[in-house]
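Participant: Chain residues, written in single-letter form:
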Amino acid sequence: MLRFLTSFFGNLFQIMLHLLTSKKNIIQNLLSIYVKTIGGSTLCIDVDPKCKVSYIKKLVAPQLGLEPNEMKVIFAGKELGDDIVIEECDLGQQSILHVVKIKRSSDQKNNISSRGEKCFTTSTPNLKNGGLLPLCEILDDSMFSTGSESRTNSISVDASDMDNSSADIKETEISEDHRQRPKKVHFFVYCPTCKDMKNGKLRVRCHFCKSGAFTVHSDPQSWTHVLEPKQITGTCENVPEHCELLLQNKEPTFAEFYFKCSEHVSLGENDQAVPLDLIRPNLKQVPCLACLEAPEIMFTFPCQNDHIACLYCFKQYCMSKLTERQFWQHPEYGYTLICPNGCADSFIKEIHHFRLLDDVNYERYHRFATEEFVLQAGGILCPQPGCGMGILADPDCIRITCQSCKYVFCRNCRQGFHIGECDTVETPENGLLNGNCNNELSCDNESKGDDASRTTIKVITKPCPSCKTPTERDGGCMHMICTRSGCKFHWCWVCQMEWTRECMADHWF
Amino acid sequence: MTDMSPSERRLQKELMSLIKDPPPGVSVDAEQAEQNLLQWTIHMEGALGTLYEGEQFQLQFKFSNKYPFDSPEVTFVGSNIPIHPHVYSNGHICLSILTDDWSPALSVQSVCLSIVSMLSSCKDKQRPPDNTFYVKTCSKNPKKTKWWYHDDSV
Chain H
1 MLRFLTSFFG NLFQIMLHLL TSKKNIIQNL LSIYVKTIGG STLCIDVDPK CKVSYIKKLV
61 APQLGLEPNE MKVIFAGKEL GDDIVIEECD LGQQSILHVV KIKRSSDQKN NISSRGEKCF
121 TTSTPNLKNG GLLPLCEILD DSMFSTGSES RTNSISVDAS DMDNSSADIK ETEISEDHRQ
181 RPKKVHFFVY CPTCKDMKNG KLRVRCHFCK SGAFTVHSDP QSWTHVLEPK QITGTCENVP
241 EHCELLLQNK EPTFAEFYFK CSEHVSLGEN DQAVPLDLIR PNLKQVPCLA CLEAPEIMFT
301 FPCQNDHIAC LYCFKQYCMS KLTERQFWQH PEYGYTLICP NGCADSFIKE IHHFRLLDDV
361 NYERYHRFAT EEFVLQAGGI LCPQPGCGMG ILADPDCIRI TCQSCKYVFC RNCRQGFHIG
421 ECDTVETPEN GLLNGNCNNE LSCDNESKGD DASRTTIKVI TKPCPSCKTP TERDGGCMHM
481 ICTRSGCKFH WCWVCQMEWT RECMADHWF
Chain E
1 MTDMSPSERR LQKELMSLIK DPPPGVSVDA EQAEQNLLQW TIHMEGALGT LYEGEQFQLQ
61 FKFSNKYPFD SPEVTFVGSN IPIHPHVYSN GHICLSILTD DWSPALSVQS VCLSIVSMLS
121 SCKDKQRPPD NTFYVKTCSK NPKKTKWWYH DDSV
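Listed in order, the protein sequences are those of chains H and E.
Just so we're aligned: the first sequence equals residues 1 to 509 in UniProt numbering.
Just so we're aligned: the second sequence equals residues 1 to 154 in UniProt numbering.
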């Protein structure tokens, strides 16, 4: 009997092994994934993308000393149902699944309810149910692709209400075509590894302990839920006592959403991508505000009027504004733009959107942004040709040494450092190059290449009376408007003061 | 259509809609515009019941490859320049949407409508007070002029 049993099990083992190896031979693209347990250990397993979650449980259970039915598999904010096929879960190579032990006391209720639903929908997994598929598979594009958030909310609420009511009536029919109807959510990210705009994957972790063993209580319905902190609550399965203790029950545990690039193999938990939330699929075929064609992927300006542009025209817009130095230095968001139609409160908050520019233009963007930042912070730019290093020096310090090119210059006149008064009475600010210094002691040869352009700038320009930017008048009337964004000062070319009605009467042209 | 730049594609669309559905009294020289999408001539009639009834005008639109992020350069051309407090005798027009208030949401059609309405609301046919001086000194490109926009009511 014993011999029979051993040979039976031996055979069984061999058959299984055979099955496994033959499968391996047929399917080349085995998924190599990590399973992280609460104890902190990580198991690496290779699985066939066609296998089910229950198979992973069976595979991992013995190693953890647990029964498969004592375990929960958590991925992207959801407990994965036993019958879910791995390839439906948006898992990539080296993705991390979290396995936790089901706790009898606290989680029994959840467990039973999810079990009940599992029985109910064994053949066709109900996508509306929270506990079966990871978040990114549940969310649909319509919630995240409309323009203003207020409208998004109302639309998504309507849609889900409709779905619910119809689902009650015709459960089976709905679940069959559910997969086609709402388009799976599509996120775009800037991936620092690929250095490009890529498709992104939404992931969830505990806001406090950053553990991925976290399930959400409700699904995010809009970009606000995803981007703003503390919008969606959830259960941290890592060490719940730890998070609860930390918070002393003053507030619930919140979900934190982040993104990964879906186009390269994950390099670990810190390999994150920046969500480009204004780039969305153009589901409603809205025409681009510039070329009037409806692109597939659009850039949505954050304005009340839902203006959109195709990505090409968005780049054109950025480049034309960059050339005119018409970006805004926003105190919170950085060097950014508003809707081309000038809509109110339409600043682009995530400046990684400007990564869409090509390398040369992005470099320019970066340089201009730095310069503008330095100037606004009361700093100065190194006057040495080809340097332009931003320097934030003590306001009393007149002798400035550039950290980059080691040029030593006078703060007031931007010439080589000298002792004594500068030539000009006027003290130029903000990179204005119109002074001549009494540089008896300085060696002038350092700035010789600059002399010609310095003279030219001095001869043909006048400084804006407000921000001191050298301004050239190439025709037209005497009424000048400073082109530097954030300045826009109206001044008179003749008086070099603010433009007045008197200027208009006396010497407009 | 495929090897056109986005600004040309936009202009092509605007041209088609202007040919198909022009505002009253406005017509575009389609043949000329199709040859060079960056420069159009538009014929405009003075609206009925206004001081310009029965008059014919010609507008010239010049576009850069940054259109519509950059405003078009619009001037009256030809033998009949309307006598109007916002129109200089060299054809330059003092209209804020042509410079400071331009936005890509505007179009050739909306500019034409604004000019028609600017003419129609005129109660007293006269040149701008500074006309002689301006015409002598201004740049060829009206966009180089920083306009101090006259009262909107005229």
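There may be inaccurate statements among the hints.
Cut-off 27 Å, straight-line C-alpha distance, at most; resulting in silico cross-link-like pairs (DSSO-like, lysine-lysine) [what the hints assert, rightly or not]: (1) H:Lys-210 <-> H:Lys-101; (2) E:Lys-66 <-> E:Lys-125; (3) E:Lys-143 <-> H:Lys-488; (4) E:Lys-13 <-> H:Lys-315; (5) E:Lys-136 <-> H:Lys-315; (6) H:Lys-321 <-> E:Lys-143; (7) H:Lys-284 <-> E:Lys-140; (8) E:Lys-62 <-> H:Lys-488; (9) E:Lys-136 <-> H:Lys-462; (10) E:Lys-20 <-> H:Lys-321.
For the record, the hints were derived by calculation from the structure and aren't laboratory data.
Participant: So, for every hint listed, does it hold in this structure?
Facilitator: We went through each hint and held it up to the structure:
Under the criterion of a C-alpha separation no larger than 27 Å, the hint pairing H:Lys-210 with H:Lys-101 is consistent with the structure, at around 19 Å. Between E:Lys-66 and E:Lys-125 the CA atoms are separated by roughly 36 Å; this puts the pair beyond 27 Å, and the hint is violated. Between E:Lys-143 and H:Lys-488 the alpha-carbon distance is near 17 Å, which keeps this suggested pair within the 27 Å criterion. Our distance criterion of 27 Å between C-alpha atoms is met by E:Lys-13 and H:Lys-315, whose separation comes to about 21 Å.
Between the alpha carbons of E:Lys-136 and H:Lys-315 the distance comes to roughly 40 Å, so the proposed pair goes past 27 Å and is violated. Restraint check for H:Lys-321 and E:Lys-143: the C-alpha separation of about 17 Å stays at or below 27 Å, so the hint holds. Annotation: proposed proximity of H:Lys-284 to E:Lys-140 is violated, straight-line Cα distance about 44 Å (limit 27 Å). Using a Cα cut-off of 27 Å, the hinted pair E:Lys-62 and H:Lys-488 holds, with the two alpha carbons roughly 26 Å apart.
This hinted pair checks out: E:Lys-136 and H:Lys-462 have alpha carbons roughly 24 Å apart, not beyond 27 Å. Proximity of E:Lys-20 to H:Lys-321 is assessed by CA-CA distance (about 33 Å); at most 27 Å being required, the pair is judged violated.
When each numbered hint is compared with the structure, violations occur for hints 2, 5, 7, 10.
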